[in-house]
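Student: Sequence:
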Amino acid sequence: MRNPKMKTQPVIISPKYTATTPAESFGDISRGDLTWHTLLSKPKTPSDSMCAGVAVCPVGTGHLCRHRHTQSEIYYILDGSGDVTIDGIVYPVSKDTTVFIPGNAEHGIVNTGVIPLRWLYVFPTGSFQDVVYRFSGEGMVKANL
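Residue numbers for the sequence shown follow this note's numbering, so the first one is 13 and each next one is one higher.
These aren't lab readings, by the way, just hints derived from the structure by calculation. Errors might be hidden in some of the hints.
[Unchecked claim] Taking lysine-lysine and the DSSO-like style, the derived pairs with C-alpha atoms no more than 27 angstroms apart in a straight line are: (1) K56 / K28; (2) K54 / K19; (3) K19 / K107.
Build the full structure now, drawing on both the sequences and the hints.
Tutor: Here is the structure:
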């Protein structure tokens with residue numbers, strides 16, 4: 013574990029990381045059919061003001077159910093195509109699309125394409141554990157690492 017008094021440091025993550033590290037998930041399909049790899053998040057990385065990762069929705073069933081959280085969020089679509097719904101409005105997305113989601117906006121995403129939908133997500137907080145997901149129709153769920 014890193015020293016908590018350590019100042020913020022540059023972080024470089026090898027492309028091998030997502031190939032050799034098990035993906036995370038909610039463990040409950042009622043919240044979505046997707047996996048993710050957290051890339052930047054304290055205390056795993058010596059980053060202090062942002063956290064980020066890559067999420068993947070598989071073909072056919074891939075989705076992240078409607079939810080909200082206090083933090084705003086950015087999606088950058090790496091591969092695939094789908095629909096992002098923000099506060100009831102559906103926006104088509106595909107490779108190289110950037111999406112800004114305001115804090116507390118209800119949003120979700122679904123893969124509508126023929127290849128896995130992959131996107132980079134970024135939150136303006138140092139730890140992914142700071143993000144509390146509030147799924148529509150259920151209580152709060154703290155993000156897992």
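Student: Each hint should be assessed against the structure and marked as holding or not.
Tutor: A quick look at each hint next to the structure:
The straight-line distance between the Cα atoms of K56 and K28 is roughly 17 angstroms, inside the 27 angstroms bound, and the hint therefore holds. For the proposed pair K54 and K19, the alpha carbon gap of about 12 angstroms is at most 27 angstroms, so the pair holds. Distance check on the hinted pair: K19 and K107 sit about 35 angstroms apart at the alpha-carbon level, beyond 27 angstroms; violated.
Violated hint for the displayed structure: number 3, the only one.
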